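Protein chains: 2
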Amino acid sequence: MKKINVGLIGFGHVGLGVVKILRDKKTFLAQKLGLEINIKKICDKDIVSKRNINVDRNLLTREAKEIINDPQVDIVVELIGGIHPAKEFIIEALKKGKSVVTANKALLAQEGKELFALAADRQKSIYYEASVGAGIPIIKSLREGLVANKFNGIFGIVNGTSNFILSKMSDENLAFNAALKEAKIKGFAEKDPTLDIEGIDSAHKLILLTYLCFGRLVNVGDIFVEGISRISLSDINYAKEMGWQIKLLAIAKKDADELEVRVHPTLIPKSHLLSSVSGIFNAIYVSSDLAGQLLFYGPGAGQMSAASAVVADLVDLVQDIKAGLFRPTLNTVLDKSIKKLRKIDDIESRYYIRFMAKDQPGVLAKISGILGKFGISIASVNQKERHKAKEVPVVMILHEAKEKNLRSAIEMIDRLNIIKEKSVAIRMEEV
Amino acid sequence: MKKINVGLIGFGHVGLGVVKILRDKKTFLAQKLGLEINIKKICDKDIVSKRNINVDRNLLTREAKEIINDPQVDIVVELIGGIHPAKEFIIEALKKGKSVVTANKALLAQEGKELFALAADRQKSIYYEASVGAGIPIIKSLREGLVANKFNGIFGIVNGTSNFILSKMSDENLAFNAALKEAKIKGFAEKDPTLDIEGIDSAHKLILLTYLCFGRLVNVGDIFVEGISRISLSDINYAKEMGWQIKLLAIAKKDADELEVRVHPTLIPKSHLLSSVSGIFNAIYVSSDLAGQLLFYGPGAGQMSAASAVVADLVDLVQDIKAGLFRPTLNTVLDKSIKKLRKIDDIESRYYIRFMAKDQPGVLAKISGILGKFGISIASVNQKERHKAKEVPVVMILHEAKEKNLRSAIEMIDRLNIIKEKSVAIRMEEV
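Keeping their order, the protein sequence lines are chains A and B.
Under this note's numbering, the first residue of the first sequence carries the number -11, and numbering increases by one thereafter.
Under this note's numbering, the first residue of the second sequence carries the number -11, and numbering increases by one thereafter.
Worth flagging that the hints you see were computed from the coordinates, not collected in a lab.
Computed from a predicted structure; not experimentally measured.
If several chains are the same, the list does not tell them apart, and a pair holds so long as it fits within one copy or across any two.
The list that follows gives simulated cross-link-like pairs (lysine to aspartate or glutamate, DMTMM-like), each with its CA atoms no further than 25 Å apart:
1. K14 <-> D243
2. K310 <-> D109
3. K13 <-> D245
4. K13 <-> D323
5. K8 <-> D34
6. K228 <-> D159
7. K258 <-> E418
8. K53 <-> E80
9. K258 <-> D159
10. K258 <-> E160
11. K13 <-> D277
12. K258 <-> E229
13. K392 <-> E336
14. K14 <-> D245
15. K372 <-> D159
16. K138 <-> E24
17. K13 <-> E24
18. K33 <-> E80
19. K(-9) <-> D323
20. K324 <-> E24
21. K13 <-> E246
22. K8 <-> E178
23. K228 <-> E186
24. K327 <-> E248
25. K8 <-> E54
26. K242 <-> E417
Please model the complete structure; the sequences and the hints are all you need to start from.
Put into C-alpha cells, the structure is as follows:
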C-alpha cells in the first residue's frame, strides 16, 4: 500500500496524541484513505523524556531540518507553538514543497498574512483545524460546509479556561481567584494564565474565524480585548437574577459597512444556547445569510480532541496528494461590503452597569441625570440591599448607547462623592 | 474563466434556491473556486409555472435525458425527491460518468447500498449534505472533520416539523392537534404530515447518520420507529415538572457489541443542550472517542438553508474536477466491533410511565407489585390530582428495565380493572 510520509515537529501533549492516533488507527485510516499515513520523523528539543508511548528511537531527532529537508516527507505538522522558530520551520517547509498542518493560532493570527501568501505562491496548503475549538470541525465548516454563505456575525466561546472559571463562579458561587485556583488544579489553567484569562488566546482564534467569515486577516492590535480577571462574583449573580449569563465572547459582526471585532465579558440571555455552554466546552455561534443561525459545540481543549483535528487536516491533505494533483484550498474572499473596522469607542451596545454608591437620597437622580446628559437611557434599575451608612450596589441595564458616551458618563459619575468605588460596565449582546 | 457545467433535475423549492445562489453569488463562488459553476440545463415536469426568478427559457426542459446524456454536464443535482424516477436518474447519471448531488434522504436510506456501490464502481461521488439538517454541515463533519473518530452514539433532533409541534405543546401548552394545525398554517407541516410526525423522515436521516458513524447502511425495516402523534400535553407537562423535556430523538448507539438504532419520543434532561433546541431547529449530538461530545445546531429546513448545503457539495465536487483527477470520497469503514443490531425488545432504558387508575386504596401496591414481578424498580412516583370516583394519573419514573419486560408488565397492568385507559410509556435517555 502506498504511503504518505509525515514529519512531526513538536512531540508534546498534542504531538503525542497525533502519534497515538496514527499508530492505533493505522488500519482504520488506511481503509478510509486507501493508503497509509506514515510518520517518517519526529522532532523535539526533548527526545529523552519518557512519554506515554513506545516509539522507535530512530524516528526521533532534535533537528527540524532533518524533516524539512527530507524530500520524502510530504506534509509537515508543526505543533511546537509560539512564533519562533515555528514560523521559520513553516516557511522552510513550504519552500521545500511541503504542505503544513498546524495548531498554532498565535502564529497564524500574527504572521498569517505572510504565511498564507507564501503557501498560495508555492501552491501548497496550510491547514489549521486544531487552532480553534480543538476537535470541533469549525474551520472546515466555515471554509467548506458554509462556502456559499456570507456572514453577519460570529459569536464564540473559544477559550476553555475562561469558560471553566466563569462557569465555576456562576454554578458554585466561587470568587474569581478560587475558581482560577481550581482550574489550575484540574490542569485547565496554566501556571501563568494571562493569555487565557485576559482574552488574548480568544483574540487569536477570533482573528482566524474573522478571516474565514469575512475574508479579512485583522491585526491583533485592531481587536479590542478585555479579559475576565475583573469579573466579580456579585456581577455574575446580579446578572443571573435578571436572566443573563456572563460569558467571555469573541465577537465579529457586521453593522452596515463596518466590522466590529472584539473580545470581552458579555451578558447574554440565559435562554440562549451559548449560556448553556459550561466548563471547558467551546461553542461557536454563526449567523449566515443562507444557512441561518448555527451553533458548533464541543470540548475546546484536550490532547486527543486537538489531535483529532490535526489528523483530519492530514487526511484532507493526503487525499489531495493521492489524487496526484494540487487541489488548492478555497480562496478566501474579502467581504467588500465592509469598508472599515469599527473602533471600540464607536460601537453601540446595551450595558450592564454597577455603581457602589452611598445609601442616601438623590443618588439615583444624580446617576441617571449624568447618563441622560450623554443621551443614555435606562432600561431597568435594581438597587440591592440597604445597609445604613454603607455603600449599596446600584445595578442598571441600559438601552443601546455609544461606548464613548458610556465611558464619559461613567467617568463623570465616578467623580461624584456619593460613588465609593470604580463603577463596573459590562457589554451585553442579544446574539 | 473555466466553467463546470451542472444539470439540475427538480426545479421546486430547493432547486429554485440553488439556482438563486448560483446566480446571485456567481462572482463570489468563482473567486473562491477559481472557476465558474454554470447551470447548463434545468429539468422539471412543470416548466410553465411562474417562479420567483427569471431564468432563460432555453435552460428549461421536461426531459431529464437532456441533462443525463449531455457530455458537457459534469455534475447532476437531483432534487425531485421520492424513489422513482429519482433512482433511475441517479443511476443513469453515474453510468454516464457524472457525479451526483442529492438531498433525497428517502432514496438514499432505501436504495443507498446499490447507489453508493455503483458510484464507487464508476469512480464517481454521491454527495448528500442537504439530506440531513439542511444547511448544518453535519455530513461533512462526520465524514471528514471527525474522520479519525470512532463513535459511541449519535442523538439527533432531525425533523423540524415534529420539533416545532413538541416545542409549541411544551412552550404554549397546546394540545397535539392544535400545535399540528399551527405547523400547517406556518408551512412547517405538509397537508399529510405522516412522514414527519410518525418518525419516518427521522428514520431516513438516522440511516445516513448511522452509515457515516458506524459504516453500516441499516435497512429501514431494522429501525424501531415511533412518532409523536400519541404524545399528550399532560405527559409533556408532567415530564417538565420533573425536569425532563420530550423530544423526538433519532438514536444510534453502541452498547458492547450491539448497535441500537431507533426513533421515538424521548425524555431528556432539561439541562441538556438538546432540550433547548426549539421550533424547526435541528441538532445532532455526537459522542466520539477522540473529539468527545459535540453538538451541531441550526435550522433543519428552509429553501436557502438546504440550497446552501447543495451548493457546498457542488463546490466540493467542482474542486475535484478542477484538480483534473478523481478524488474519491473517503471510504466508509464498517465498525467491526458491532456484531449485530439490537432488537427493540432487548434494549434497556429508563421509562416514564403514566397509568390512569381508579382513585382507590391499593392501586399503587398493585401496579408496583406487577412491575416488581418483572424485575422493574421504580425511581419515583407522582400521583397527581385526586378527584373522588374519577381516574387519577399515576406517573412513575422507572430505573433501567428491559423493553420486553416493561411491555409485558404494562400489558398485565392494563388488564387490571382499576386501570381506566391504555397506559403510556416513554423511553428516557440521559444522553
